[in-house]
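So the protein sequences, as listed, match chains Z and X.
Taking the working numbering, the leading residue of the first sequence gets 127, the next gets one more, and so forth.
Taking the working numbering, the leading residue of the second sequence gets 9, the next gets one more, and so forth.
Errors might be hidden in some of the hints.
[What the hints assert, rightly or not] The calculated EDC-like cross-link candidates involving lysine to aspartate or glutamate, where the alpha carbons are at most 20 angstroms apart (straight line), are:
| id | chain 1 | residue 1 | chain 2 | residue 2 |
| --- | --- | --- | --- | --- |
| 1 | Z | K178 | Z | E150 |
| 2 | Z | K167 | Z | E184 |
| 3 | Z | K167 | X | D93 |
| 4 | Z | K170 | X | E96 |
| 5 | Z | K148 | Z | E179 |
| 6 | Z | K145 | Z | E208 |
| 7 | Z | K193 | Z | D211 |
| 8 | Z | K162 | X | E96 |
| 9 | Z | K166 | X | E96 |
| 10 | Z | K145 | Z | D211 |
| 11 | Z | K178 | Z | D156 |
| 12 | Z | K170 | X | D103 |
| 13 | X | K57 | X | E79 |
| 14 | X | K110 | Z | D156 |
| 15 | X | K110 | Z | E179 |
| 16 | X | K57 | X | E72 |
| 17 | X | K110 | Z | E184 |
| 18 | Z | K167 | X | E96 |
| 19 | Z | K148 | Z | D211 |
| 20 | X | K57 | X | E96 |
[As the list claims (entries may be wrong)] Which bits of chain Z does chain X cover? Going by a derived footprint, with three or more residues having C-beta under 8 angstroms, they are:
| id | segment |
| --- | --- |
| 21 | 159-169 |
| 22 | 175-187 |
[Stated by the list, open to error] Residues from chain Z that keep clear of chain X, each with C-beta distances beyond 12 angstroms, as calculated:
| id | residue |
| --- | --- |
| 23 | V138 |
| 24 | G154 |
| 25 | N201 |
These aren't lab readings, by the way, just hints derived from the structure by calculation.
A virtual CB, placed ideally from N, CA and C, is assigned to each residue, including glycine.
Next come the chains, spelled out residue by residue.
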Amino acid sequence: DTAVSQTPKYLVTQMGNDKSIKCEQNLGHDTMYWYKQDSKKFLKIMFSYNNKELIINETVPNRFSPKSPDKAHLNLHINSLELGDSAVYFCASSQAFRRGNEQFFGPGTRLTVL
Amino acid sequence: AQSVTQLGSHVSVSEGALVLLRCNYSSSVPPYLFWYVQYPNQGLQLLLKYTTGATLVKGINGFEAEFKKSETSFHLTKPSAHMSDAAEYFCAVSDLKTGGFKTIFGAGTRLFVKA
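With the sequences and hints as input, model every part of the structure.
This is the structure:
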């Protein structure tokens, strides 16, 4: 029973296209995140939602738009894809204000922009 | 502001040898500290964490880490490496002040295990 799931696992698309990645967690957590991992494995937070409210919005191009329809889902829509968007995108969830609120990660979505 | 520095982007050990992955952090408030492991083509999973109390923390797969406030360090060790330990390891820091919303990850250390 997968705790944090993402779809799709692989996404290959042309420059200029618009694409979405979906994430769902069944852990009952109130906080969800999107991270971008580049080819050097550096993990950078993009967005975080707590109870459907955007609380972290790092310096990400506004072509990236997250959407949280409910506490269990956090989707990421990307407009006008660029070559530099190629990376692995991870969704994660946690319970805020819990001591040592470790994050649970999804399996990742590998995005390749051609 | 919080930060994490992992010393050594690559560490290579022989099977059966001691594993030592170094992590130093910076935090203005008492930190929560984590080690995560990422196997190829997978997401990160928690190895262990420090919140409060005992400074020597034991995790899964025989790993442990010691919180040393005076050295602002949280190094990860394992007495005897297995081939299956080959992976990317991330040290991370967060704190309760911000609800733990923001976790800062180090750049990662790739562990190679030689037969």
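Structure-based check of all given hints:
no.: 1; hint: Z:K178 <-> Z:E150; result: holds, 13 angstroms
no.: 2; hint: Z:K167 <-> Z:E184; result: holds, 18 angstroms
no.: 3; hint: Z:K167 <-> X:D93; result: holds, 17 angstroms
no.: 4; hint: Z:K170 <-> X:E96; result: holds, 15 angstroms
no.: 5; hint: Z:K148 <-> Z:E179; result: holds, 17 angstroms
no.: 6; hint: Z:K145 <-> Z:E208; result: holds, 11 angstroms
no.: 7; hint: Z:K193 <-> Z:D211; result: holds, 18 angstroms
no.: 8; hint: Z:K162 <-> X:E96; result: holds, 16 angstroms
no.: 9; hint: Z:K166 <-> X:E96; result: holds, 11 angstroms
no.: 10; hint: Z:K145 <-> Z:D211; result: holds, 11 angstroms
no.: 11; hint: Z:K178 <-> Z:D156; result: holds, 8 angstroms
no.: 12; hint: Z:K170 <-> X:D103; result: holds, 18 angstroms
no.: 13; hint: X:K57 <-> X:E79; result: holds, 17 angstroms
no.: 14; hint: X:K110 <-> Z:D156; result: holds, 14 angstroms
no.: 15; hint: X:K110 <-> Z:E179; result: holds, 14 angstroms
no.: 16; hint: X:K57 <-> X:E72; result: holds, 9 angstroms
no.: 17; hint: X:K110 <-> Z:E184; result: holds, 11 angstroms
no.: 18; hint: Z:K167 <-> X:E96; result: holds, 8 angstroms
no.: 19; hint: Z:K148 <-> Z:D211; result: holds, 17 angstroms
no.: 20; hint: X:K57 <-> X:E96; result: holds, 17 angstroms
no.: 21; hint: 159-169; result: holds (count 4)
no.: 22; hint: 175-187; result: holds (count 3)
no.: 23; hint: V138; result: holds, 16 angstroms
no.: 24; hint: G154; result: holds, 16 angstroms
no.: 25; hint: N201; result: holds, 17 angstroms
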